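Number of protein chains: 2
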Amino acid sequence: MSIKRSLNPPQLLALSFLGLIFLGSILLSTPWAAKDGTTDYLTALFTATSAVCVTGLVVVDTGTHWTMFGQLVILLMIQVGGLGVMSFATFFALLLGKRIQLRQRLIMQQALNQPTMEGIVKIFRYLLFFSFIIEAVAGLVLAIHWVPDMGLPKALWYGIFHSISAFNNAGFDLFGNFTSLTGQTTDLVVNLVISGLFVTGGLGFVVLYEILHYPKTRKLSLHSRMVLITTMLLIGIGFTVILASEYNHALRNLSPGGKILAAYFQAVTPRTAGFNSLELTSLLLSSQLLIMFLMFIGGSPGSTAGGIKTTTFTILWLAIYSILRGKKDTEILGRRIDHREVFRALAIVLLALLLIFLITFLVSLTHEADFTKVLFEVVSAMGTVGLSLGLTTELNDPGKILIMITMFLGRLGPLTIGYALAYDKKQPDVRYPEGKIMIG
Amino acid sequence: MSIKRSLNPPQLLALSFLGLIFLGSILLSTPWAAKDGTTDYLTALFTATSAVCVTGLVVVDTGTHWTMFGQLVILLMIQVGGLGVMSFATFFALLLGKRIQLRQRLIMQQALNQPTMEGIVKIFRYLLFFSFIIEAVAGLVLAIHWVPDMGLPKALWYGIFHSISAFNNAGFDLFGNFTSLTGQTTDLVVNLVISGLFVTGGLGFVVLYEILHYPKTRKLSLHSRMVLITTMLLIGIGFTVILASEYNHALRNLSPGGKILAAYFQAVTPRTAGFNSLELTSLLLSSQLLIMFLMFIGGSPGSTAGGIKTTTFTILWLAIYSILRGKKDTEILGRRIDHREVFRALAIVLLALLLIFLITFLVSLTHEADFTKVLFEVVSAMGTVGLSLGLTTELNDPGKILIMITMFLGRLGPLTIGYALAYDKKQPDVRYPEGKIMIG
Ligand SMILES: [K+]
Ligand SMILES: [K+]
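So the protein sequences, as listed, match chains H and Z.
The first sequence begins at 587 in the numbering used here and counts up by one.
The second sequence begins at 587 in the numbering used here and counts up by one.
Warning: the hint list may mix true and false statements.
Treat identical chains as interchangeable: a pair holds within one or across any two.
[Stated by the list, open to error] Using 20 Å as the maximum straight-line C-alpha spacing, the simulated DMTMM-like pairs for lysine to aspartate or glutamate come out as follows:
| id | residue 1 | residue 2 |
| --- | --- | --- |
| 1 | 959 | 980 |
| 2 | 914 | 865 |
| 3 | 986 | 626 |
| 4 | 805 | 956 |
| 5 | 986 | 954 |
| 6 | 914 | 924 |
| 7 | 621 | 983 |
| 8 | 805 | 647 |
| 9 | 913 | 924 |
For the record, the hints were derived by calculation from the structure and aren't laboratory data.
Only a predicted model underlies this, so the values are computations on that prediction, with no experimental measurement involved.
Isolated chain H (complex conformation) (with noise of 0.2 Å):
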């Protein structure tokens, strides 16, 4: 047996995630990727590793330190990173066609209905294409908007990079000095542009496709609605909240539309976009918990978003509100929930808060820092989201090491968790008779 096939799908994509990276940064570690002679190689490699796991923390301002080369290198590990991610997500299962027992298999062909392989690559072109021209069009809008301030060929550049960034949930920006949009916070263009993408980026493409048809096939499945009212729910809760806590503080300075406008953009982006039009450190410790909160929640899978995902979430909580109504089984609209789904939803987010606790423990060990900001930096690498309350420009060596991996195991780990999973292994031939433990 060869190595190729000896490895599974999951350990492929992290070999080749972690070839992208070298790549990319040794890219970005030559003499014409920074404005200023050379770059390090560990903040190359952070670089590069930010960009493909579409995260968006960095150590040296976008805009800034790198030269055109080197943006385009970044933009083009984003561009992989995101799309490779959402087509892995969605087609794995499809690609490998009966060898493999996938739940998401089964979605697929409910949903888009093409369980050949002709109608597979058919599938994979017109996801390719969707995002080309959503990409296009969007980065055509921004640069027209950026015209009379920037210039042509730099409005240009400006929309096509921020377009790309912003659908990949990658959070980079050009505007320097680490800013991101607080240049921007009433742009309504830039701000519903931009956030137009993200959401879109982080519904997933089956939820996408399924939208897209629904004028002809009037029908959305029930992982299409999950994803809808679960995010359409997060959403509500971070604006309203935001909104009525931070009126007087943060948000003081703005009229009334700006205040919503503003709300509105804080509320979306910790789903997993890294964007941000405000100072997030002028914000109350109830708003960044908040933001912490949707951090980890994230986006929706076979989607370019991070986080644990929104249906992991609501798989959860509909499994304990089935525990304490006494039912048997985990329901949600008129469907159940096999219990190997709710084990697999578990495992994610118990991983997922163990490896947050370890590395924000391992932080604290190696830097004098504050916790709200080491916390928060590592639920945001974790959930690949990019925000940030200012750590990551002051991390020391092993601080950047540390924030890398949790990036690089934020980005696969779910997906790793949920693929290992979706493989029927073998059962054990001897059943143990049952143990009984009390608990709680």
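The hints should help you fit chain Z with the ligands onto chain H, whose structure is shown.
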């Protein structure tokens, strides 16, 4: 159907706790309870809640604020609250007999081999007798140790008070100025007797019973082995990490023996005693995080301790391990664990996490406080631990009420959830078809 019959046992437990807290708060607000005139009702209520829930968080110092009458009221609440929950958790199943299909009942029957009503009464007497003997002997040892310093009457009172407070994992002390045992960091007798008491109290009656009868039976149940292994593992990790990381920091002024004793004590107290022999604010952030982690887990079921419980924690990791290994069942030591047990453990952990998040969010909304301090205090209240970084004494009224609610929910939460789920509710007649959802 009368009101009494329509209340289920967890509701009865909650109501009797509320009654006890109310009664205690009235007594504590009388002029006989406080040294300087009377105590405001909120302080009396907070103290009563902390005592009944065996937490140990206090807004006024127990040793200096209250008269001996007040301290006696507190001690009685601790004893009734602590032994009450221990008995309830241990005997609820047996007392209610066959009407309820409870897993604990099977464990108890297996362990104690006493399925008849006479047997139950016998075991209940045994539990009380056993607890009082331990408290009396340990109290006497402490009194003898303290006589040279304090004289006989004070030493006796201190011996009894701290023995009962320790065995019930209450964490109340009389040493004044919120110092707990920080004045006796290297006192071997005090450290070993008090930690011996709360570790014993925190193992749970079933485990103690089995250990005591081990010379005869040569047999420990699965439950007891799991409790003992998890407890030793958690203490070992806590001890090693605190000793290593604080060796040249918080422990630097102690002799090597003193370092070991202090690291040991700080490693055991989070399950969920609440005494501390080091000033907790002097510890590294990493050690404070570790203590939060241990406080969250807490002690073992059917004991005087709080937290989500050692078995809950272990079962979840076993479940995750099984999932990652592609096994259908959660297995331990040659037994499988029913998936509904795993779901109960899941519900306990996620509801505890959600509550901690919500209360931390609300406290940080009403207070301009440091996040570490707030989170530490909320986790401590939730696990009925009583360790503090000093927030409780700074709290305003809304903050006090929030922490009171947390202590109450923390004490009843896991129990209530655990027992509510133990009923075999009527299964729905309709079972929904399975729905497919993507996770991760
Ligand atoms: K991001
Ligand atoms: K306690």
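Within a copy, between copies, both or neither: which one fits residue 959 and residue 980 at a CA-CA cutoff of 20 Å? Cα proximity of residue 959 and residue 980: one copy only (11 Å, versus 23 Å across).
Up to 20 Å between alpha-carbons, please classify residue 914 paired with residue 865: within, between, both or neither. Close neither inside one copy (47 Å) nor across copies (48 Å); limit 20 Å.
Intra/inter-copy verdict for residue 805 and residue 956 if alpha-carbon distance must be at most 20 Å: For residue 805 and residue 956, the Cα distance exceeds 20 Å both inside one copy (49 Å) and across copies (49 Å).
Alpha-carbon proximity context of residue 986 and residue 954, limit 20 Å: within (14 Å within a copy, 30 Å between copies)
Between the shortest in-copy and the shortest cross-copy C-alpha distance, which are at most 20 Å for residue 805 and residue 647: within, between, both, or neither? So residue 805 and residue 647 fail the 20 Å test inside a copy (45 Å) and across (64 Å) alike.
Is it within, between, both or neither when you check residue 986 against residue 626 at 20 Å Cα-Cα? within (13 Å within a copy, 51 Å between copies)
Alpha-carbon proximity context of residue 914 and residue 924, limit 20 Å: Both: 11 Å inside a copy, 12 Å across copies.
For the identical chains here, do residue 621 and residue 983 meet the 20 Å Cα criterion within one copy, between copies, both, or neither? Neither: 22 Å inside a chain and 56 Å across chains, both beyond 20 Å.
Under a CA distance limit of 20 Å, which applies to residue 913 and residue 924: within one copy, between copies, both, or neither? For residue 913 and residue 924, the Cα distance is within 20 Å both inside one copy (13 Å) and across copies (15 Å).
Of the hints listed earlier, those the structure fails to meet are numbers 2, 4, 7, 8, in rising order.
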